[in-house]
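The hints should help you fit chain G onto chain U, whose structure is shown.
Protein sequences appear in the order of chains U and G. Residue numbering for the first sequence follows the numbering used here, starting at 216 and increasing by one per position. Residue numbering for the second sequence follows the numbering used here, starting at 216 and increasing by one per position.
Hints are supplied without guarantee of correctness; some may be wrong.
Identical copies go unnamed one by one, so any copy, or any two together, can satisfy a pair.
[Unchecked claim] Using 16 Å as the maximum straight-line C-alpha spacing, the simulated EDC-like pairs for lysine to aspartate or glutamate come out as follows:
hint, residue 1, residue 2
1, K455, D564
2, K455, E632
3, K577, D369
4, K253, D220
5, K454, D551
Hints listed in this document are in silico derivations from the structure and should not be mistaken for laboratory results.
2 protein chains.
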Amino acid sequence: MSKKDKRNVIVGQSGGPTAAINSSLAGVYRTAKDRGYKKVYGMIHGIQGLLEGRYIDLSEHIRTGLDAELLKRTPSAYLGTCRYKLPSISDDRGVYENIFKILEDLQIDCFIYIGGNDSMDTIKKLSDYAIITGSEIRFVGCPKTIDNDLALTDHTPGYGSAAKYIGTSVKEIIRDGWALETTNGQILVVEIMGRNAGWLTAAAALSKGEDCDGPDAIYLPELDFDIDKFVKKCKEMLKKKRSIVVAVSEGIHTKDGTYISELGNATEYVDAFGHKQLTGTARYLCNILSAEIGCKTRAIELSTLQRAASHCASRVDILEAYEVGGAAMKAADEGDTGKMVVIQRLSDDPYQAGTEVKDVHKIANDERLVPRDWITKDGTYVTNEFLTYVRPLIQGDVAPIMVDGIPRHLYVPGYQELL
Amino acid sequence: MSKKDKRNVIVGQSGGPTAAINSSLAGVYRTAKDRGYKKVYGMIHGIQGLLEGRYIDLSEHIRTGLDAELLKRTPSAYLGTCRYKLPSISDDRGVYENIFKILEDLQIDCFIYIGGNDSMDTIKKLSDYAIITGSEIRFVGCPKTIDNDLALTDHTPGYGSAAKYIGTSVKEIIRDGWALETTNGQILVVEIMGRNAGWLTAAAALSKGEDCDGPDAIYLPELDFDIDKFVKKCKEMLKKKRSIVVAVSEGIHTKDGTYISELGNATEYVDAFGHKQLTGTARYLCNILSAEIGCKTRAIELSTLQRAASHCASRVDILEAYEVGGAAMKAADEGDTGKMVVIQRLSDDPYQAGTEVKDVHKIANDERLVPRDWITKDGTYVTNEFLTYVRPLIQGDVAPIMVDGIPRHLYVPGYQELL
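The shape of chain U in the complex, shown without the other chains (with noise of 0.2 Å):
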């Protein structure tokens, strides 16, 4: 196709927003830009967004080689996300016609996604649907998810970066616990991501160094979660350290796949008000830690920071998301659809990667899991062969662009209407 015939491009984000889906959102627009598309559309809130008509041209929000920067090093999601599931085409085929309906108005040649396993969905089915219909809009998928569980690419964009907030923080609850003595030892339980994948709170053990322990045990949803074994377990490492501090995954289940979390809220605690009151794996689990062994404990939960903190991005990851995100637009221009870009690791030291292009057929709703033998036989913590993974995943820094002592985002004109 000869450059005068391109013309235009449209983006979305979708799913749980990282500290490096923008740097993709970068990386489409630049090689948009680079290879004589007109104009890049954003899907304001995605494909949801997009069926009611909310959409910005980027070249007004991404207008200097500085804003561009400043995207990469701007967390959460610049577009808006959504967590919208397209149905099946033959149980609403009114919902394509109207997307490319809309498609068709905007000119539109290039239709890229940034998201997870939903997201991919999206890509299939809109891809499946231009080759039913004719249409020569090109669909592809560009990875994204700090939960870093999607098939068939080595690593996902967003983890490296959430990872080594993890490890950083990790590190640092670690050694705030070393400072105040305590009559029986102290527990502190850190409550990381993951609802079934265990690859954030594995890397807790990222902490582990020549100058710190890491954390005492680390708890996957891989695996069952014994409550017994687990109060077992820490009463005897009390004997040996006075400081214990011990990683859970959110998704934490017992055998009989009852999450953690939920036998916390299983009675109904009501306060006097009438109102139910919640509590969290972490917290659950520190009330019956102080109960069974009588020990000071504290709750600490990431939360939103550990996919949010782009001041403690990893370069590895930004440069990647970026690249990634070229990469989609690349592909769409030269011809494919219905397809995901993957990473595919060369080697793991020194560190190299690429990208291909996957059918997203063979990737849809399907869950990559830390493999077993990545984590040791009693299921409390993981081996050496997880560290080489994920490594290299967080080396370097993203300097954050410093104003006034706080690190500068893009900001996104008019947000409170357009999001």
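Frame of chain U; chain G shown alone:
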């Protein structure tokens, strides 16, 4: 006193750990060495450890310039701290006799204690006892507390780094909140440390800038907290904006002095196993908001990270902490006793500040709160006067020394036995 007559120095850390307290330790060590003292001992777990004969020779730990740089970047308290409060001299003279016996055995000339209000009480009592008994040992306090609640000093080392971390993190939390659309809007409640003083919670306002609205409301413990008014305000804010972020101090309380966190725990929530379930301030408020407004909520506790996040330290803070450590040592060397070093601000812009020594009797146990006129009339935000005050304290960064993608700290050899 001629150089050859100088004997030894002992230094301790006390109270809550911070990201800057070790920089003060490095400052004390350096100045003591520069001024010709023979040994610099470090008390393990402050005066409490000293009473048990626990101390180290710091020259075995800070062996190189690199060690000193690592120490400045190491969070928590390198020596461990305590919350030990000395009895009054008339109540228990024996404790004082023990301490002075240990100090004489170690041939101590200068005793430096880095800490907050309780630590300054220690300096006061020990210096009083020295005067009573004719001991020539000098006792000087070096201020430290993230709470920023020490009297007479413009601010305390440790506060600036905590404020920078809070401003940065709240900004990332706000941005994260934009990403996903919610049907009825969402309210994120961020819980920040500070039982009586709101300096830390007020720092959430640092997230406000050209690219961020900042939190939508800020509640400090200096004022009474009215739950009904809070719910009403949240309802109103949700009409205008779909993602609301509220910063609350852990110490907010009702008019009768009941902590909000106590309200959450007033009823005996007991789970199926008979464990009492505790809840925090933010979680309790979220439960109320969910019930009263029906919106999505999320409770986020910044927890110990706000005092331990060396990876996001303020350069002004770390350098001032170092300087104040040196100034305390200098004062003791030059004959001062019963004194604390304070920071005096000479100018906001450009920021200029210097150190002075003040009589510790005027400082101990006096709590400095956020002035009423630095809080808005309706009590739900801070004023520009506060921002002018805090802004200089968060300027500049201290790049962590990264090893394998994670900040390196100064190792404590044999810390398991030591701490």
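Item to check | Hints that the structure is at odds with (numbers, increasing) | outcome: When the structure is compared with the hints, numbers 1 and 5 turn out to be violated.
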